[in-house]
Amino acid sequence: MAMLEVKDLKVHYGMIEAIKGIDFEVNKGEVVALIGANGAGKTTILHTVSGLLQPSSGTVTFEGKDITKMPGHKIVSLGMAHVPEGRRVFAQLSVYENLLMGAYTRKDKQEIQETLDMVYTRFPRLEERKTQLAGTLSGGEQQMLAMGRALMSHPSIILMDEPSMGLSPIFVNEIFKIIEDVSSMGTTVLLVEQNAKKALDIANRAYVLETGKIVLSGDADKLKNDDAVKKAYLGE
Amino acid sequence: MSFISYLVNGISLGSVYAIIALGYTMVYGIAKMLNFAHGDVIMIGGYVAFLTVSGMGLPPVLGVLISMVVCTVLGVTIEKIAYKPLRMASPLAVLITAIGVSYLLQNIALLLFGASPKAFTSMVSVPAIVLADGQLTISGETIVTIVACIVIMIGLNLFIKKSKAGRAMLAVSEDKGAAQLMGINVNGTIALTFAIGSALAAIAGVLLCSAYPTLTPYTGSMPGIKAFVAAVFGGIGSIPGAFLGGILLGVIENLSKAYISSQMADAIVFGVLIVVLLVRPTGILGKNIREKV
Numbered sequence: 025m026a027m028l029e030v031k032d033l034k035v036h037y038g039m040i041e042a043i044k045g046i047d048f049e050v051n052k053g054e055v056v057a058l059i060g061a062n063g064a065g066k067t068t069i070l071h072t073v074s075g076l077l078q079p080s081s082g083t084v085t086f087e088g089k090d091i092t093k094m095p096g097h098k099i100v101s102l103g104m105a106h107v108p109e110g111r112r113v114f115a116q117l118s119v120y121e122n123l124l125m126g127a128y129t130r131k132d133k134q135e136i137q138e139t140l141d142m143v144y145t146r147f148p149r150l151e152e153r154k155t156q157l158a159g160t161l162s163g164g165e166q167q168m169l170a171m172g173r174a175l176m177s178h179p180s181i182i183l184m185d186e187p188s189m190g191l192s193p194i195f196v197n198e199i200f201k202i203i204e205d206v207s208s209m210g211t212t213v214l215l216v217e218q219n220a221k222k223a224l225d226i227a228n229r230a231y232v233l234e235t236g237k238i239v240l241s242g243d244a245d246k247l248k249n250d251d252a253v254k255k256a257y258l259g260e
Numbered sequence: 003m004s005f006i007s008y009l010v011n012g013i014s015l016g017s018v019y020a021i022i023a024l025g026y027t028m029v030y031g032i033a034k035m036l037n038f039a040h041g042d043v044i045m046i047g048g049y050v051a052f053l054t055v056s057g058m059g060l061p062p063v064l065g066v067l068i069s070m071v072v073c074t075v076l077g078v079t080i081e082k083i084a085y086k087p088l089r090m091a092s093p094l095a096v097l098i099t100a101i102g103v104s105y106l107l108q109n110i111a112l113l114l115f116g117a118s119p120k121a122f123t124s125m126v127s128v129p130a131i132v133l134a135d136g137q138l139t140i141s142g143e144t145i146v147t148i149v150a151c152i153v154i155m156i157g158l159n160l161f162i163k164k165s166k167a168g169r170a171m172l173a174v175s176e177d178k179g180a181a182q183l184m185g186i187n188v189n190g191t192i193a194l195t196f197a198i199g200s201a202l203a204a205i206a207g208v209l210l211c212s213a214y215p216t217l218t219p220y221t222g223s224m225p226g227i228k229a230f231v232a233a234v235f236g237g238i239g240s241i242p243g244a245f246l247g248g249i250l251l252g253v254i255e256n257l258s259k260a261y262i263s264s265q266m267a268d269a270i271v272f273g274v275l276i277v278v279l280l281v282r283p284t285g286i287l288g289k290n291i292r293e294k295v
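Those sequence lines, one after another, are chains A and B.
Each residue of the first sequence is one higher than the one before, starting from 25 at the first, in the numbering used here.
Each residue of the second sequence is one higher than the one before, starting from 3 at the first, in the numbering used here.
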């Protein structure tokens, strides 16, 4: 069975149907990308999966558990982390305090310390700046902090929303390398990206969204060579 | 000497404002709403202390504790019934609801306790301090109020900086969605904030009525408004701001009463607020609100 299974999901904003009945799944260990233009509903889907939004119908199943109606803060302790669009680090808190927030659901201090060491090893820049307020970091550093913060909950799956948005090309490459690292450590990744080329480069599978519907899906390599995808999303 | 006496009394009055202002500022910081019923929770706190101590003859400390428990339950209940269903509603709807709750509490008190003022006996048994050969007397109420305010400020700061629930409050005040993604129970944190604010309101009610010993269903409304002014003055959402705003307001009010005119004192207080807001729209210690681009 898939680790994350979404069935016939519909989400409304007031009268507007933003997600018009979609199905997708993410298997353990995969990197799955959701690609599509602005307004296609990618962020809405992630928000619904992690419980920030309630769907009007459909189900979300995570590790065999129906989490459709579960409050968002409880989903975190099941092993799902979400790096939100625009990073949303706590600007008034230090880098270290932000990372501790990520471990909010965990109790064992020893284990938290171990994860913190792991995060600092992976992101040496965060350790250098651990006492600095998160709001004073550069965009790329904030993205690293948002990812580090998500890792602090020791998740089995990470949802990442536009991690490359607004970053310089050097940072974009670095962020995608980090996502590959995270994945190779055994964490499953559900990635939402406008940078379709980069996303398809690191993903195993992908779904293409258009105005609230999945129009294409399949292996990332296959989609990369799909004429329609090339034309619409890869600029070829 | 009389100046020092006015100043100390101003600090004491300001300490009460500061304790009330904390309730406004914490709730604003975390739930982004103005709880205009907060002042009336003070009044209920006063009545509970009055009934338990003067009516039932319980020791004052126990009366204060019971009053804190009642106000905490009341605050959390108000939040759950009146404000929580409006979490997604427009700020105006929430504001109007808060004003409605305020009138509701006043009228319930009117129904239960009647309109005639109750003579509140001071809950403070600390003796007055006489200084400078009897030229300066500081009452026990004044001392206890100032000490209580300092203890509350230090305690609250430690709670927010050191405890997990306190850090959750900081996170929720900055970004509810991101806080939820950390696994923080946002509704629970908001309820906790109301609980703390209301417990403090009970203490403020007892201190206020001990210093100004008449208790009516409207006792809480003017101090409530002044404490709201203090919170805005110091920078709403900021805890040190509530402290600073409260003390300044109390001192300005008392000195105006002493040296300018007791009728004009309130006008002067609100005038100073207008000037401060013209110069610093976010209040003295308020954060600049950054627009996301």
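Do not take every clue at face value.
[To be verified] Straight-line Cα separation of at most 25 Å, PhoX-like style, residue types lysine-lysine; simulated pairs:
id	chain 1	residue 1	chain 2	residue 2
1	A	K93	B	K178
2	A	K98	B	K259
3	A	K52	A	K222
[Claimed, not checked] Sample of chain B residues lacking proximity to chain A, with all beta carbon distances greater than 10 Å (derived):
id	residue
4	S165
5	A170
6	A173
7	M184
8	I186
9	L287
FYI, nobody ran anything at the bench for these hints, they're computed from the structure.
Computed from a predicted structure; not experimentally measured.
By construction, the Cβ of each residue, glycine as well, lies at the ideal position given by its N, Cα and C atoms.
Verification of the supplied hints:
1. With a C-alpha separation of about 19 Å, the suggested pairing of K93/A with K178/B holds against the 25 Å cut-off.
2. Our distance criterion of 25 Å between C-alpha atoms is broken by K98/A and K259/B, whose separation comes to about 54 Å.
3. Straight-line distance between C-alpha atoms of K52/A and K222/A comes to about 21 Å, which keeps the hinted pair within the 25 Å bound.
4. Every Cβ of chain A is farther than 10 Å from the Cβ of S165/B; the closest lies at roughly 12 Å, confirming the non-interface assignment.
5. With a minimum CB-CB distance of about 7 Å to chain A, A170/B fails to clear the 10 Å threshold, and the non-interface call is violated.
6. Not every CB of chain A lies more than 10 Å from the CB of A173/B, the least distance being 6 Å, so the non-interface label is violated.
7. With 10 Å as the threshold on Cβ separation, the claim that M184/B sits away from chain A is violated: the shortest Cβ distance comes to roughly 5 Å.
8. Separation of I186/B from chain A is inadequate, the least Cβ-Cβ distance of about 6 Å not exceeding the 10 Å criterion.
9. For L287/B, the non-interface assignment is confirmed: its Cβ lies about 13 Å from the closest Cβ of chain A, beyond the 10 Å cut-off.
Against the hints set out earlier in the document, violations occur for numbers 2, 5, 6, 7, 8.
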